[in-house]
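Chain residues, written in single-letter form:
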Amino acid sequence: MYQYICIMEKDIENKEWMTEAPYLAGLSKGNQFSVPEGYFETLSDRIQGMIALDSWKIEEHEIGFTVPENYFDELSTRIAVKVKVKSESKIHKLLYSNFFKYSAAACIVLMSGILLYINEPARVSEKTAYNEMVTDQMLFEIDEEMIIDHIQQNETKNPGDDVSDAELENYILNNFTQSDLISE
Amino acid sequence: MKQVEDSEILEKFSVEKTRNEGFNLLLQKYQQKVYWHIRRLVIDHDDTDDLVQEVFVKVWKNLEKFRSDSQLYTWIYRIATNESITFLNKKKQRNNVSLDDVSSELAETLVASDYFNGDRIQTKLQKALLTLPDKQRLIFNMKYFDDMKYDEIAEITGTSVGALKASFHIAVKKIEAFMLNDDITF
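Taken in sequence, the protein lines are chains A and B. Residue numbers for the first sequence follow the numbering used here, beginning at 1 and rising by one. Residue numbers for the second sequence follow the numbering used here, beginning at 1 and rising by one.
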């Protein structure tokens with residue numbers, strides 16, 4: 001009964017597409033591919049050979065190498081010993097390395113100081129040139145008449161106008177020697 | 001010759017002493033089915049031969065974990081399908097070619113093969129199949145050639161029955177149109 005139902009289901013499924021593709025439905029479904037002679041007779045042997053090879057690889061003789069007896073049992077102990085020896089020798093090394101570390105740091109600071117000193121005038125002149133350029137640019141952008149008015153206003157009032165001749169004479173005598181005045 | 005039941009194969013395989021005998025029965029029952037399933041997908045005999053061996057090595061390794069909630073043959077077909085699709089994807093990546101180029105490469109393999117004896121119409125049908133995407137071709141093969149039910153195909157491909165029906169319907173229409181196109185001749 002179950003088999004009969006399955007066949008019925010398949011028929012219904014197939015009828016759906018067969019009505020839509022009558023040409024395809026009419027074609028032979030025979031297998032057009034072939035295999036070399038005797039292929040299937042040897043296939044299971046070759047598959048079992050592959051399985052044997054695969055198991056052999058996994059189990060022990062991976063790529064033909066072996067290890068001495070109890071090698072892996074003693075391996076962790078030997079690694080622990082080597083790690084201990086290395087960490088001790090590292091302490092000595094650190095003592096020496098501190099000296100080199102501080103020397104190197106001192107050299108770097110010294111070299112940086114010298115380089116800074118040598119390059120300073122150049123940097124100052126660069127700064128000055130940059131400031132002049134900015135000022136020129138600002139003046140260029142200000143209206144010419146405004147600049148002329150500003151200069152004229154400043155010219156009318158001299159900084160020395162408020163000071164009397166006697167006060168000036170006293171100031172010169174107090175602050176400059178005779179040789180200074182002669183050289184001027 | 002009476003075909004051995006899957007339950008008998010599994011029973012023999014579960015016992016250490018009869019494991020090889022059980023596996024041998026499995027090979028006798030399924031090796032040809034698996035071969036043709038893969039061959040229709042990858043076309044070339046040598047590629048199929050490699051894949052069949054890989055599939056059965058996987059079956060051997062994992063049969064112990066097989067749960068009887070699915071049928072043995074759908075489980076084996078699933079492994080074979082996954083291996084074949086992976087192989088085709090790797091082939092595309094290795095050759096750095098598009099899907100269309102792989103199809104034409106497979107079509108060339110088909111024509112040049114010593115192991116394809118199809119006439120003009122059968123060659124045209126195979127070439128029409130190679131125009132389909134891999135998964136659609138897989139579904140078409142299982143429905144058209146293997147006469148499988150949608151439920152079984154769904155279990156193998158992990159796709160819903162509705163999606164399978166739609167995919168097969170589209171594939172049939174494409175193949176029919178290709179076959180009726182007289183401009184395509186060989």
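Simulated from the structure, these hints should not be mistaken for lab results. Just so you know, these numbers come straight off a predicted model, no measurement behind them. Some clues are possibly wrong.
[As the list claims (entries may be wrong)] Derived list of chain B stretches under chain A, where covered just means 3 residues or more per stretch with a C-beta under 8 Å from a C-beta of chain A: (1) 28 to 36; (2) 174 to 180.
[What the hints assert, rightly or not] Heads up, simulated DMTMM-like pairs for lysine to aspartate or glutamate below, C-alpha to C-alpha not over 20 Å straight-line: (3) B:Lys-174 with A:Asp-54; (4) B:Lys-33 with A:Glu-37; (5) A:Lys-29 with B:Glu-64; (6) B:Lys-61 with A:Asp-45; (7) B:Lys-173 with A:Asp-54; (8) B:Lys-165 with A:Glu-167; (9) A:Lys-15 with B:Asp-146; (10) B:Lys-165 with A:Glu-16; (11) B:Lys-12 with B:Glu-83; (12) B:Lys-12 with A:Glu-37; (13) B:Lys-58 with A:Glu-16; (14) B:Lys-58 with A:Glu-37; (15) B:Lys-65 with A:Asp-54; (16) A:Lys-15 with B:Asp-147; (17) B:Lys-174 with A:Glu-41; (18) B:Lys-33 with A:Asp-45; (19) B:Lys-2 with A:Glu-20; (20) B:Lys-61 with A:Asp-54; (21) A:Lys-57 with B:Asp-151; (22) B:Lys-33 with A:Glu-20; (23) A:Lys-15 with B:Glu-152; (24) B:Lys-124 with B:Asp-134; (25) B:Lys-149 with B:Glu-64; (26) B:Lys-29 with A:Asp-45; (27) B:Lys-173 with A:Glu-16; (28) B:Lys-149 with A:Glu-16; (29) B:Lys-29 with A:Glu-20; (30) A:Lys-57 with B:Asp-50; (31) B:Lys-149 with A:Glu-41; (32) A:Lys-29 with B:Asp-147; (33) A:Lys-15 with B:Asp-69; (34) A:Lys-29 with B:Glu-176; (35) A:Lys-15 with B:Asp-151; (36) A:Lys-29 with B:Asp-146.
[What the hints assert, rightly or not] Computed from the model, here is a short list of chain A residues facing chain B with C-beta under 10 Å: (37) Asn-14; (38) Glu-20; (39) Tyr-23; (40) Gly-38.
Where a beta carbon is used, it is the ideal one built from N, C-alpha and C, also for glycine.
Among the hints numbered above, which are violated by the structure, and what are their numbers in rising order? Numbers 3, 5, 7, 8, 11, 12, 13, 14, 17, 19, 21, 22, 25, 29, 31, 33 and 40, in rising order.
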